[in-house]
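Residue numbers (full-length UniProt numbering), protein chains in the order written: chain G, 1 to 470; chain V, 1 to 470.
No lab work stands behind these hints, which were simulated from the structure alone. Do not rely on the hints blindly, as some may be mistaken.
Pairs count within a copy or across copies, as identical chains cannot be separated in the list.
When the alpha-carbon atoms are kept at most 27 Å apart in a straight line, the in silico DSSO-like pairs for lysine-lysine are as follows [stated by the list, open to error]:
#1 LYS224 <-> LYS124
#2 LYS124 <-> LYS34
#3 LYS11 <-> LYS58
#4 LYS182 <-> LYS207
#5 LYS356 <-> LYS401
#6 LYS34 <-> LYS182
#7 LYS127 <-> LYS362
#8 LYS58 <-> LYS182
#9 LYS208 <-> LYS162
#10 LYS124 <-> LYS372
#11 LYS182 <-> LYS162
#12 LYS162 <-> LYS207
#13 LYS124 <-> LYS58
#14 LYS372 <-> LYS127
#15 LYS11 <-> LYS124
#16 LYS230 <-> LYS207
There are 2 protein chains.
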Amino acid sequence: MDAAEFRRRGKEMVDYMANYLANIEQRPVYPDVKPGYLRSLIPTEAPLEPENYEDVIKDVERVIMPGVTHWHSPYFYAYFPTASSYPAMLADMLCGAIGGMGFTWASNPVITELEIVMLDWLGKMLKLPEHFIAGTHGQGGGVIQSTASEATLMSVLAARCKAIQQVQASNPGQSEAEILPKLVAYTSEQAHSSVERASLIGGVLMKKVPTDDNYAVGGGMFKKMLEEDKAAGLIPFYLCATLGTTPSCGFDHITELGPICNKENMWMHIDAAYAGSAFICPEFRPLLNGVEFADSFNFNPHKWLLTNFDCSTMCYNHSSLLQNWQIPHGRRFRSLKLWFVFRMYGIQGLQAHIRKQVALAKEFESLVRADKRFEICAEVIMGLVCFRLKGSNQLTELLLKRITESREIHLVPCHLSGRFVLRFAICARTTDSRHIQQKEAVHSDAKNEVPKLRFFNINMSSHSLPMVSQ
Amino acid sequence: MDAAEFRRRGKEMVDYMANYLANIEQRPVYPDVKPGYLRSLIPTEAPLEPENYEDVIKDVERVIMPGVTHWHSPYFYAYFPTASSYPAMLADMLCGAIGGMGFTWASNPVITELEIVMLDWLGKMLKLPEHFIAGTHGQGGGVIQSTASEATLMSVLAARCKAIQQVQASNPGQSEAEILPKLVAYTSEQAHSSVERASLIGGVLMKKVPTDDNYAVGGGMFKKMLEEDKAAGLIPFYLCATLGTTPSCGFDHITELGPICNKENMWMHIDAAYAGSAFICPEFRPLLNGVEFADSFNFNPHKWLLTNFDCSTMCYNHSSLLQNWQIPHGRRFRSLKLWFVFRMYGIQGLQAHIRKQVALAKEFESLVRADKRFEICAEVIMGLVCFRLKGSNQLTELLLKRITESREIHLVPCHLSGRFVLRFAICARTTDSRHIQQKEAVHSDAKNEVPKLRFFNINMSSHSLPMVSQ
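Bound-form chain G, shown alone (with noise of 0.2 Å):
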């Protein structure tokens, strides 16, 4: 393909990019295939010989599209958004095209120079403290990682580097061998798998910390389970707090946490993947103090900030600490898509979508409390409703399975204290009040014309819930 035929297929490509997302809404959001559907619609080898570009797009529809869930959609309410956005997207195109590599200054000097100034943008939004801001001699900076799982590993490994060389100096005869299985890491019994994982692979022992009744973390309990690691001769070294837990978005209670940290010389991150997008509000900036006393938080503005993924932004507290930035040696021109993103919403435009999709949480949770069927499950700080219906998880769990048979909306369900819950996350830029409240078909069955289930139905009239009891 030359240039030529490039300028040609490139822009079929924009108009079909616009045409999915403009018409989303029609297509069923999770997909109705099984394990292995793919393999036998293409051929087991690739083709010798170059095929027609005709015939590879003819397959986007036919291949790849039955197989997607489609995140876009406004009936998708699982997991957490993963952003998307036309500024981020025209700068992801620009990326592909510039192309080359930034693992040192030189080898692409404005993809380090300008992700520099992003972060200082970002940080500024968020009204970090200035120790976490690079400006032009500044000790603190951020950087861009592929996802929180990342972040939070680079945390973990910066932080037991940081206690071996602690230890060694008041102790030089230890070795790390000796050191390494007496360090102990905590984090929240609610925080996301990969926090656990980080600590797998750093070869570090980590401790679940119990929450509160908000799925929290509290001084409290955590200052007993140093006191008791501390008399065994454990040395603690590394908290994850999170602030938006992934089950029901729980915020830990960093003031409470952060001077104990510091009091005991661990390193504190923060992990705010969904959440953190939110503190760039007022309103919502209190949930945020408690920082100061961090050493790295991170969050993830692919998930609510209108980047497309992958743009994680971790802050670091004294950068000169963290020997190495991020696992991958190579990385793209990421902070592209933040510099058009911030210029072409604006902070206001940012803080707009920001609350229009928490003001959706709010309404749809006002739906579930006028139903006597069902309880909210976790207070809705942010746009997660955490719900379900009285009684048995075996009917909330029947309930799902309806839904998820309906195809009409896609979510995921939690537990919180045993119990089986749904999780109703406002996920898509395009997710409007009409689709919290259903009051459209979300797409007709064209053969009997008898409307499918919808989760209005399921919610609201009484004819479903015998059912789902049965």
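Given the coordinates of chain G, assemble chain V onto it according to the supplied hints.
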């Protein structure tokens, strides 16, 4: 920005991309900026209100381009290539629109499904043994990592886990803390820095194996080290062999190393980050002989197989051994790029690309050999030529300084056996004989119309050497 504006701006961006790549020769390949250049060109904070797209796009030439090292310029000969092709860019655009995460099958079935089948296509193109292929009931299979660094780390972690289990199986009383300090990993003294880094992250000792005259690790030296280490009570558990080392593109003798690893029950990982793509050509495939002994094998289609970054493919023998497939939790739909590239080029088109670049390296090698002032420092097998001026290192250091200052071509040095050596790697897809021969002016100095220093002149003219030797 709404869909209508995206259609317009997206098409403009496609033209910008095509123009950028079509006219890239006219840009100086290496930027003329100092560290910190960018900060003064843009505001210190994000704008409160949205800006116009025109203002953003105008800044691409004003702010971004002056700091770009143009990796896809045909005058770029530094590092190793990073791939770029129009089909891959089109696939990445589509990936951006679909934009969903793929961390489990259900989160996006097509991401898992296409990736498995594309890795099988690739495995068959490379004629990998059956136990690296997933098929419908296979025990092997592959996964796309972000980079070779990440792939190496995953192999170290998997090997560490397996080694600890094996030691504990025969010595039930031993704790992980007792076993870890005894484990030893090995790699070539010529291996990439990311290999040693993987061992640091994994908390295991790694020893560097000295290389032979071809900068390759052979069985003799490796066996000798193993015997000594076992006699000292250590447990050899892992080897990272390299096919195509970074400094000189050397090839470890895996037909010798593999059987030793198998006999000692050690994990053999093969890092073929750059050279791996070439094994799709029958004439280069013999260099991969011995892969049948490996536990894991990795290379980067994002280097030499026309697939834009990131796309590092890792194949496993008995994939079930690897409990965790990658560091990040979320992942992009990267196999889409492979699918587009394989189909739009065909195997023959990809082979032609490899062969053309190897032929260009040979052509440059002849130019160097024809000039008695220079010497070739390592056998030219693929697209890399290592050469230097005869005599002291200082001469070649000065030559590189002048080449870099000229900004007409870009290359980087390495050290081989204490000698300062220039690496001339064929990188851009569009590099051609005329660029190697440097028969055209790269860019003229409009002010005084004096032709700037060209690599060709340095290489061939008798004027330049006296200056170089000063």
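Here is what the structure says about each hint:
1. LYS224 <-> LYS124: neither (35 Å within a copy, 57 Å between copies)
2. LYS124 <-> LYS34: between (47 Å within a copy, 25 Å between copies)
3. LYS11 <-> LYS58: Close inside one copy (16 Å) and across copies (21 Å); limit 27 Å.
4. LYS182 <-> LYS207: both (12 Å within a copy, 26 Å between copies)
5. LYS356 <-> LYS401: neither (29 Å within a copy, 56 Å between copies)
6. LYS34 <-> LYS182: Intra 47 Å, inter 46 Å, cutoff 27 Å: neither.
7. LYS127 <-> LYS362: Cα proximity of LYS127 and LYS362: one copy only (26 Å, versus 56 Å across).
8. LYS58 <-> LYS182: neither (58 Å within a copy, 56 Å between copies)
9. LYS208 <-> LYS162: both (22 Å within a copy, 26 Å between copies)
10. LYS124 <-> LYS372: neither (44 Å within a copy, 59 Å between copies)
11. LYS182 <-> LYS162: both (14 Å within a copy, 23 Å between copies)
12. LYS162 <-> LYS207: both (19 Å within a copy, 24 Å between copies)
13. LYS124 <-> LYS58: Result: close only across copies, 25 Å inter versus 46 Å intra.
14. LYS372 <-> LYS127: neither (41 Å within a copy, 63 Å between copies)
15. LYS11 <-> LYS124: For LYS11 and LYS124, the Cα distance exceeds 27 Å both inside one copy (37 Å) and across copies (34 Å).
16. LYS230 <-> LYS207: within (13 Å within a copy, 35 Å between copies)
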